[in-house]
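*Asks:* I would like the entire structure built from these sequences, with the hints used as guidance.
Going down the list, the protein sequences come from chains A and D.
Sequential numbering from 1 applies to the first sequence in this note's numbering.
Sequential numbering from 1 applies to the second sequence in this note's numbering.
Derived by calculation from the structure, the hints in this document are not laboratory data.
All the given hints hold, so there is nothing to weed out.
Taking lysine-lysine and the DSBU-like style, the derived pairs with C-alpha atoms no more than 30 Å apart in a straight line are:
id	chain 1	residue 1	chain 2	residue 2
1	A	Lys339	D	Lys109
2	D	Lys110	A	Lys339
3	A	Lys334	D	Lys20
4	D	Lys142	D	Lys109
5	A	Lys339	D	Lys20
6	D	Lys4	A	Lys334
Here are some of the chain A residues that sit facing chain D, going by a computed Cβ distance under 10 Å:
id	residue
7	Thr174
8	Pro341
9	Ala342
So the derived label-pair ranges between C-beta atoms look like this:
id	chain 1	residue 1	chain 2	residue 2	range
10	D	Lys109	A	Asp358	32 to 38 Å
11	A	Ala466	D	Ala87	46 to 52 Å
12	D	Gly58	A	Ile232	15 to 21 Å
13	D	Glu68	A	Ile232	22 to 28 Å
14	D	Ala87	A	Asp464	38 to 44 Å
Since we're looking at a predicted model, the values are computed, not measured.
Don't be surprised by glycine CBs; every beta carbon is placed ideally from N, CA and C.
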Amino acid sequence: MEDLEQKQALALLSGDEAVAMAAFDSGVTLGTGYPGTPSTEILETFETLGGKAQWSPNEKVAMEVAIGVAFSGARALVTMKHVGLNVAADPLFTVAYIRLDGALIIVSADDPGMASSQNEQDNRRYALAAGVPMLEPSDSQEAYEFTLRAIEISERWQVPVLLRMTTRVCHSKTIVRRGTLTIPPPHEAHFEHDFPSRVMIPAYAKPAHRRLRKTLAEIAVWNDEAGPNELIKGLSSLGIITSGIAFQHVREAAPEASVLKLGMTYPLPLERMRAFAASVERCIVIEEGDPYLVEAARTAGIAVEGKPEMYRFGELNSARVRRILDGDTSPEAKPVPGKPPALCPGCPHRSVYTVLKDLGCIVAGDIGCYSLGVLPPFQAMDSLVCMGAAIGVGLGLRHSLPPEEAKRVVSVLGDSTFVHSGITGLVEMVYNPPESGHVLVILDNGTTAMTGMQEHPGTGRTLDHAKTGKVVFEDLARSLGVRNVHVIDPAQELGKFQELIQTCLDKKELSVVIARRDCLLAARSIREYERCNEQQAN
Amino acid sequence: MNSKPTNVVIAGLGGQGVIKASDILAEVAFSSGLDVKKSELHGMSQRGGSVSSDVRFGERVFSPMVPEGEADFLVVIAPDQVQVNAAALRQGGILIEPSLIDESSLSNKKSINVALLGVLSRHLPFPVEAWTDALGRNLPEKLHDANLQAFSIGRAVGETLKQTTGKER
Chain A
1 MEDLEQKQAL ALLSGDEAVA MAAFDSGVTL GTGYPGTPST EILETFETLG GKAQWSPNEK
61 VAMEVAIGVA FSGARALVTM KHVGLNVAAD PLFTVAYIRL DGALIIVSAD DPGMASSQNE
121 QDNRRYALAA GVPMLEPSDS QEAYEFTLRA IEISERWQVP VLLRMTTRVC HSKTIVRRGT
181 LTIPPPHEAH FEHDFPSRVM IPAYAKPAHR RLRKTLAEIA VWNDEAGPNE LIKGLSSLGI
241 ITSGIAFQHV REAAPEASVL KLGMTYPLPL ERMRAFAASV ERCIVIEEGD PYLVEAARTA
301 GIAVEGKPEM YRFGELNSAR VRRILDGDTS PEAKPVPGKP PALCPGCPHR SVYTVLKDLG
361 CIVAGDIGCY SLGVLPPFQA MDSLVCMGAA IGVGLGLRHS LPPEEAKRVV SVLGDSTFVH
421 SGITGLVEMV YNPPESGHVL VILDNGTTAM TGMQEHPGTG RTLDHAKTGK VVFEDLARSL
481 GVRNVHVIDP AQELGKFQEL IQTCLDKKEL SVVIARRDCL LAARSIREYE RCNEQQAN
Chain D
1 MNSKPTNVVI AGLGGQGVIK ASDILAEVAF SSGLDVKKSE LHGMSQRGGS VSSDVRFGER
61 VFSPMVPEGE ADFLVVIAPD QVQVNAAALR QGGILIEPSL IDESSLSNKK SINVALLGVL
121 SRHLPFPVEA WTDALGRNLP EKLHDANLQA FSIGRAVGET LKQTTGKER
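*Replies:* Okay, structure coming up:
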């Protein structure tokens, strides 16, 4: 009894924490992922609660490990930020065809407004493109319940389910009542051969695709009849179709309106939407990001109003929803600019950028704290595309620029980013070396600093900081055939570092320079983890 | 429709304890049985840039974001962030800024965020125990004394401030 009371107790949780709690309560066997704002806290919380969670080198691997778990009949959770799903898109599109034995829940944490991202892609498009059912929570209570529902749906129809969250759902804290929903216990993990279901050679993939479309049609019928959608009856003069965080803004901006709130946004409950639109005089779709719902409604012949194009950009809020309802397209007030972020005083990246700037380098950069090298006082990073792109982009510049410029090109990326998607770039560098050679600088600060100090395969510690196998970058580079491999502390030996980069630039060879010094903010914790691990070993 | 929620915006620079302060406030409101939502943006803001956090509480809260110009209270921890966040405050709303606190009176200068919560606490209907409990739960034990001291200094300042501005609420 006490246990039940405790389980139903209220807590003030972020959406990320609520997903973790639901995963724990439903017996998820393994949580995998790669850190990425705003998704990172899901696995960290899951581990703290007592679940088994792992950081993978990148989202594709995380997804593949999770797929294996689901093949065994167990429950898997894989988490990533929106751009992470691009990396994991390859397995996503094919696992959709596969008949799963267990549950596969894929969390995509989108970042409309780009609080901490390089683009604001709307991953609802992925559900449609891959044919993967999708749920969209609008607060932490729904994050909790929709995670459980996602597991139920995944097991009932043997399909992966996309749990699409956004920054304001992931990071807002709202009240959660635990234990409001119970789902059946997980299956026992076991293996049976089932070649046509899991081996996607064309002969088996062709019927599998047809099966997927049939399943999606069944789910659409279920979503119309019993899906997690909510009708709020209000004025018959104004009806709003909405989903996710936009629902909360709508309720605040237009409390009198009738609202059809969609919890499952793929496959859509089109008949409910049609009936709702017919029941009100004016039916408008309020959604953050792309015109995903409005396009789907119109394709189905449902007459709805959408938002003006200017509201595609950035986050919505209650004031913007009011403007949309009023048809107001006058320019919006620009917020007073705040203080931009900067590299911490004493950050080892500072030394690196000082040197690269002094030497007049053309810097193909990457994603992490060190992206701040583009801002004053350094202004020493010339490109940022996606995780790992520094190497390929740097090589492309070397291949095409005139010799005087080509020899100044340097690729710069962080340790976690290198493991994530820089290794194949390094292979490319060895395989297709530019005539002028190339210089790759790995900024190894011993942690995934940008997202809040997560471990990665280069630290030799697992998500919970225990000792494990370690990828040694200098050994890896040498084993691939790079002859000039150097390890140096750029802050301690600034002069030497400058000389080294100059020497490498002057050679028409391939060089890998590992600028190694622990992140200032992480150094103390790293020493503590190492000490604990050493004690345990003794 | 339910009565409007109370809106608080806490702002400052990364590393000043903006998020910690909003966590404490949200927990106090939560422990008092109100609906609460709290929202901020993480990420780049951790690197010393501007940070702000919205806390809303009342009978029922929908959007987790305080609409611009509707904050009842604006608590700013860094003096140079007042201007940046001024638009958050509603007409007649109360600005709580670091100049209200004599920094030299704090046994730990980093407790300025908690001192400003002390000022805020005088304007809100929550018992002082709810605040001290939340402080205890959210801060490491070795910092409890310094923060309780900062809180009471702020609370005393808040009392004076309330007498001068109280009629506006």
